[in-house]
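Trainee: Given next are the chains, with one letter for each unit.
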Amino acid sequence: MNLTQRSGSLALAVLLLLPLTASAEECVPCHREKTPAAVVQWEKSAHGRAGIGCEKCHGTDHEKMKRGEARVDMKACAPCHKKAFDTHRQSRHGMGLHSGWGCTRNLEDRSQRECAFCHDKDSAEPLSSVQCARFLKQSAEMGEVGCNYCHSVESSCASCHTNHNTDLKIVRDPASCAKCHMGPDHPQWEMWQTSQHGTLYATAGASLAPDCQRCHMPGGSHDVSVGITMSSGGIPYPPDKAAPNREAMVKICSECHAPNFASRELSRGDAIQKQSMTIVKEAEKIILDLADRRLLDPMPENRPPHPLSGNTLVIDSQLLYEDTSHIERLLFKMKKYDYARTIKGAYHQNPAYTHWYGNAELKMDLVDIRAEASRLRRGASGPAPAATPPPAEGEELKVLKRRLERGGITPEEYEKEKKKLLDRHLGGKKP
Amino acid sequence: MKKTILRLLILLGVTITLFLAGCSRLPITGTLPEGLTVEKLAEIDEDSPMAVSPDGTVLAMASDGLKLFHLPTRQQLDVTDRSPQELAWSPYGYSLAASYAAEGKSTIVTYDQHGIKVAETGIDGVITNLSWLSETELLTASVIITNYKFGSNVMTVIHRWQPGNSLPKRIEIKNTTIQPLTASRWNQLLAGGPMLDVSRTADQILYLHPVEPPLFTPYMKLILRDLASGKEMDVAQVSLTSHGGRFTADGENILYGDGTGTITRKNPWTGETVATLKGAGTGLEISPAGDYLFADGALFHGTDMLAMLAPGGSARFTPDGSKLLVAGGGELYLLSGLHPANDRLLPVSQLGKLLQPRAWRLDNLITPGDYKDALEKTRQP
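In the order they appear, the protein sequences are chains A and B.
So that you can map any letter, position 386 of the first sequence is 386 in this note's numbering, and since no number is skipped, the others follow by simple counting.
So that you can map any letter, position 120 of the second sequence is 120 in this note's numbering, and since no number is skipped, the others follow by simple counting.
Hints are not guaranteed to be accurate.
Claimed, not checked - Here are the simulated distance ranges between beta carbons:
#1 Thr-303(B) to Asn-302(A): 18 to 26 angstroms
#2 Gly-104(B) to His-326(A): 36 to 44 angstroms
#3 Leu-167(B) to Asn-311(A): 50 to 58 angstroms
As the list claims (entries may be wrong) - Output of the computed footprint for chain A on chain B, the stretches with three or more beta carbons under 8 angstroms from beta carbons of chain A:
#4 356-366
#5 369-380
It should be emphasised that the hints constitute simulated quantities derived from the structure, not laboratory data.
Keep in mind the model is a prediction, meaning the values are calculated, not measured.
Just so you know, even glycine gets a beta-carbon here, dropped at the ideal spot from N, CA and C.
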């Protein structure tokens, strides 16, 4: 390339760059007054320094921007940050919105603009079929602040990076994770902070202690699912999916610890998970039995319908904490708060969360659930009988039938029990 | 000579024709099968209700008032000069219930076995069926039709109570709105009330209720209902002119006329049609053992017609099944010589154990096969 050619290329580059800087210059004078923080943050950011102007991300339709319809989502960042975009999409954060939202078209007072969260323009096809009953129960305002401020991580880089800053110091600080990873349902930030890892971080500094990013985003990866062996609801992955993740986590731990030590500690977490799940399952069994006997107060058919399942009992991950019976509300606390704290506390090596905020609460929940079940079985206002009389054969048959219908027993088991009850009735024998 | 013979032959033919024509007006003649005999007992009102006491000795009937007719002695006791619309003996025969209608209301009077009045209860609406559920509890059925501009509401209502001890408890069991045209066309038939039969075990009822789906011909549903649970099962769809059905004594089969010329014996649990007969199915009665049938004035054994007894008449089998009381043309007859039920019937005491399984079967908690097994076990000594 001769000098003339080089000069030509440079001129072309300058010409291409000019409109960008010129556009930013057009926005900045006004926005320095209207949105000063945004301008200052942009000017200090890598984008500002490189001359990436406003319209590159926001577009040029000022009216649309004023209407609030030009929010910058991940698609605006993806062309330049492809690797980060790809790894993010494959990770659990890439599912953030999927697990937080449900279709709102049938709900009152919904803005049409919300459709864009789940649908491409003019498409009725949802980007995900996953819906969240708890989200669907909320007002538009609660859904936005209480749900989307965290779950929008799926499609918004700004959810962690903030809107106009590009300083990696922000997102490399565990405090940036705390916005969402705290509170009663999954207090990972508090667990880490009050664990020995967190104490070291606070006292000796980041170079001597692991933080969220070091273990969960190793090497600056945007894949936050590295090394995790269970779903966000605490259900272990199948072995073929769990094994490589466990291997990856042991490798991460082994940067500081002996691999055997790391494996042993994580295995203890696995054991605690199994033990805790047994307690949860026992509680679920009690509630299913009460439902079979039509003893829940109120029964699902007498409540507002579950947003996803209607007037049926739901105790899986779509369990609600509102418009439910007291005993199901106890199960919600047990499952979503105390079970989560027990197992996440164990994996984060926090003794207080594992035991007192987790395990102890979990076991006390079971005491409460058993007591509530007893109260429901004997009738809310009736005196406690010396011994619960065996239910009549007819009622037992109905319970068996409901159990069969929900898959709690096999048809063969049903037949066997049914024959026993019929014989008992005809023979006049009581158990 | 030939003319004389011809005249004699014509005279003989006319005589035979007149004789046979005369026979056909009588309820029973020598055309009865061997072993069956018939005798006239008494005068009876046209369309009189009849109820035979459980021991088979007393017939309650209307004949210018309520009468108790003692079958062994042929003696008749006048109870009251009011003629009842419905009559029913209690299961042990200690009480007789009679309904009297006046001005759209009904009065239910209970008497002891000697015809002494014990209690009286007033009920709104015209009672069209009267049955005892136990020795002390009565059940009545009625239909209440309310006319509106857009159509008529037809409500089937039952009442349950213990006469002299409690007030009638009203239970609305079915409610349908029918179009004005249907209501006016079938008003008399609908107002005739819900045909209702109570099972021998007094746990289930069988009744008719009109249905008028949009754009389709109105029809009647024959419905089986468990009184305790309120669970129901549709047995059949029949025309509006159907006279309904009857339980067999074991409650396993149901006999009904479809209103279009077929009488069907059906097992509602398996859906199996056991037998069919040609006939309108008026005045259906089935013998205790289920082998004899009275329908449209004729007596049948199985599906074979034995005799035409009383066209347009009614009949009642005695509890042992050996006799049939036939009312027709204002006269009451007793037909004897039928095969008695004897021990073919499961005693009510043993049937008691089957009440629950019967209800469970209707509730789909057990299968018809399970029930059949339970029935067999109950029969075993």
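Trainee: Could you run down the list of hints and mark each one as holding or not?
Mentor: Hints and how they fare:
no.	hint	result
1	Thr-303(B) to Asn-302(A): 18 to 26 angstroms	violated (51 angstroms)
2	Gly-104(B) to His-326(A): 36 to 44 angstroms	violated (51 angstroms)
3	Leu-167(B) to Asn-311(A): 50 to 58 angstroms	violated (36 angstroms)
4	356-366	holds (count 8)
5	369-380	holds (count 5)
Against the hints set out earlier in the document, violations occur for numbers 1, 2 and 3.
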